[in-house]
Amino acid sequence: MISLSLFLVIVATSTSFIIWRLTRSLISSSPLDNVPGPKSLSYSKGNIEKLFDRTGWDFLDDLGTKYNKVVRLTGLFGHRMLYVFDPTALQYIVLKDAGAYEIPEWAQAINHLTVGPSILGVRGETHRKQRKILNPVFSVKHMRSLAPIFYAIAHKLCTSIDAQVGHRAIELDIMAWLSRVSLELIGQGGLGCSLDTLEKPTPNVFGDALKDMTAAIFAFAELQFFSKHVKKLGPAWFRDTLANMIPISKITRLRNTIRTIETESVKILRAKKTALQAGEAKVTEQVGEGKDIMSVLLKANMNASVDEGLSDAELLAQMGTLAAAATDTTSNALTKMMEILAHDSGIQERLRAEITEAQRQYGKYIPHDELVALPYMDAFCRETLRLYPPVPQIMREAQNDTIMPLSKPMVGVDGATIQEIIVPAGTTIVIAIRSWNLDKDVWGDNALEFKPERWMNPLPSTVTESRIPGVYSNLMTFHGGGRSCVGFKFSQLEIKVLLSVLLPKFRISPAGNTKDVVWNLSGIQYPTLGRESNKPAFPITMERISI
156 MISLSLFLVI
166 VATSTSFIIW
176 RLTRSLISSS
186 PLDNVPGPKS
196 LSYSKGNIEK
206 LFDRTGWDFL
216 DDLGTKYNKV
226 VRLTGLFGHR
236 MLYVFDPTAL
246 QYIVLKDAGA
256 YEIPEWAQAI
266 NHLTVGPSIL
276 GVRGETHRKQ
286 RKILNPVFSV
296 KHMRSLAPIF
306 YAIAHKLCTS
316 IDAQVGHRAI
326 ELDIMAWLSR
336 VSLELIGQGG
346 LGCSLDTLEK
356 PTPNVFGDAL
366 KDMTAAIFAF
376 AELQFFSKHV
386 KKLGPAWFRD
396 TLANMIPISK
406 ITRLRNTIRT
416 IETESVKILR
426 AKKTALQAGE
436 AKVTEQVGEG
446 KDIMSVLLKA
456 NMNASVDEGL
466 SDAELLAQMG
476 TLAAAATDTT
486 SNALTKMMEI
496 LAHDSGIQER
506 LRAEITEAQR
516 QYGKYIPHDE
526 LVALPYMDAF
536 CRETLRLYPP
546 VPQIMREAQN
556 DTIMPLSKPM
566 VGVDGATIQE
576 IIVPAGTTIV
586 IAIRSWNLDK
596 DVWGDNALEF
606 KPERWMNPLP
616 STVTESRIPG
626 VYSNLMTFHG
636 GGRSCVGFKF
646 SQLEIKVLLS
656 VLLPKFRISP
666 AGNTKDVVWN
676 LSGIQYPTLG
686 RESNKPAFPI
696 TMERISI
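When you line the sequence shown up against our numbering, it's residues 156 to 702, in that order.
Everything labelled a hint here was simulated from the structure, so no lab data went into it. Certain hints may be false.
Said to hold, decoys possible - Distance ranges between label pairs, derived from CB positions:
id, residue 1, residue 2, range
1, Glu525, Ser701, 20 to 30 Å
2, Thr352, Arg408, 22 to 32 Å
3, Ser185, Glu525, 49 to 59 Å
4, Tyr198, Thr617, 33 to 43 Å
5, Glu525, Glu608, 14 to 24 Å
6, Glu620, Arg410, 29 to 39 Å
Note that the structure is a prediction, hence the values are computed from the model and not measured. Even for Gly, the Cβ is constructed at its ideal location relative to N, Cα and C.
The whole structure should be built from the sequences, with the hints applied where relevant.
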């Protein structure tokens with residue numbers, strides 16, 4: 156066993172090595188120094204701390220309005236970063252020169268640590284292979300087959316909330332319910348297993364671990380940037396020994412969460428393989444009836460060539476990624492929608508009227524194609540996801556020296572005109588999803604206003620001619636290009652099914668302490684009751700609608 160003194164020497168040496176690598180960037184000049192941006196706040200943290208601070212919304216607003224559409228930021232120990240929402244620059248980052256702007260090395264390291272080689276954490280040819288086999292699994296055709304499963308789960312949620320509400324108006328934490336139902340939707344529709352009965356709260360080892368993983372990762376966001384340097388400290392056994400010796404509760408929490416997810420994922424994968432080998436009848440007996448994402452993926456993988464198929468490690472990684480990524484983003488977006496509906500009875504009544512008319516025409520279960528085409532519901536969802544993207548920003552890293560063109564010239568720090576920016580290898584790029592979605596030059600003077608009607612009329616030419624590379628409605632909410640959100644149709648269906656089931660049954664209004672709710676800036680924004688709380692929550696008042 157390593158002695159305490161040796162442990163302290165290792166930590167001190169390792170820390171010095173990492174700091175030396177990080178501070179080298181302070182010694183040399185960079186072409187990015189001429190790009191205007193906010194002043195660095197400290198030697199060690201630059202101004203990146205504000206980018207990840209839960210109260211950092213004003214900082215993001217300043218970046219989106221007080222500078223150009225490419226802004227220089229300062230990271231840890233002087234590391235240069237670019238905050239980008241220029242449409243031409245985004246085209247190059249996301250589409251035309253996407254190979255030069257990959258996920259950061261630290262993000263890749265964190266992804267491999269948490270779930271393994273999933274589609275979110277691999278690069279190049281490996282990513283292309285995974286994307287090729289995953290794209291058909293999330294097709295519209297497959298979403299149609301999942302709609303009945305989604306409706307059944309949504310009605311189960313409705314029954315449970317109705318039992319709590321009874322014949323009176325009551326306050327309840329709608330976010331807790333939406334988190335639970337999102338987990339069950341991804342459980343049955345994604346993994347082919349039940350993760351929450353939606354009845355009385357019952358422990359589910361896998362479900363609880365999935366709920367905790369995102370929070371465990373974001374709990375030490377700044378440390379993520381050290382991971383690529385930690386990789387250079389020595390062989391894996393040395394790094395593992397060092398990690399196991401670090402007495403930090405956040406690391407222990409994450410490590411335990413990872414082990415649970417891996418163990419439970421292996422069990423599910425084995426059961427699905429056994430069912431497939433036993434024949435179609437056995438598959439349809441499982442939760443999800445063989446229509447879930449993982450069952451369809453396994454079938455596709457069995458028919459793929461050796462070169463194009465996914466290994467068991469890759470399949471397991473998709474399971475953890477699918478569940479963790481889909482649960483918080485969708486439930487938080489739904490919570491924001493509930494907040495909007497609670498505060499605007501006009502929007503709520505108009506949406507409810509559209510749903511009930513569709514139900515009179517098509518029945519209680521509005522068919523998939525008719526549901527996703529409901530005009531006001533679609534406009535409401537688009538506007539919410541424009542104004543309040545669950546993921547405000549994502550990171551990329553320049554793989555080599557490259558040139559980033561701009562849609563319009565800008566003035567540099569030295570007063571000269573900048574037509575394009577030389578981006579050195581290793582530069583961190585922040586794709587500013589929220590700033591693009593709120594840009595008044597694109598969306599007009601009412602860009603900061605919630606107006607679903609904007610989507611029911613022709614969009615202004617400033618939007619349609621921007622050629623933004625987003626996969627969804629001229630927005631960057633679901634990213635774009637080869638790294639766009641592969642499950643965005645799954646998420647949209649989930650949201651619309653839940654709205655179509657809940658709104659005809661319940662009237663929503665603010666709770667007494669709704670005014671205390673704050674939305675926190677994070678990798679995935681989330682609400683809490685007050686600034687000091689770390690527990691996601693959103694209270695609203697619900698009452699049964701008399702029929």
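Each hint, compared with the structure:
Evaluation of the 20 to 30 Å hint for glutamate 525 and serine 701 yields a pass: the beta carbon distance comes to about 27 Å. Distance hint check for threonine 352 and arginine 408: the Cβ-Cβ separation is about 26 Å, which falls inside the suggested range of 22 to 32 Å. For the hinted restraint 49 to 59 Å between serine 185 and glutamate 525, the CB-CB distance of approximately 54 Å keeps it satisfied. In this structure the hint that tyrosine 198 and threonine 617 lie 33 to 43 Å apart at CB holds, the actual value being about 41 Å.
About 21 Å separates the C-beta atoms of glutamate 525 and glutamate 608, a value consistent with the hinted range of 14 to 24 Å. Between glutamate 620 and arginine 410 the CB atoms are about 49 Å apart, so this pair departs from the stated range of 29 to 39 Å.
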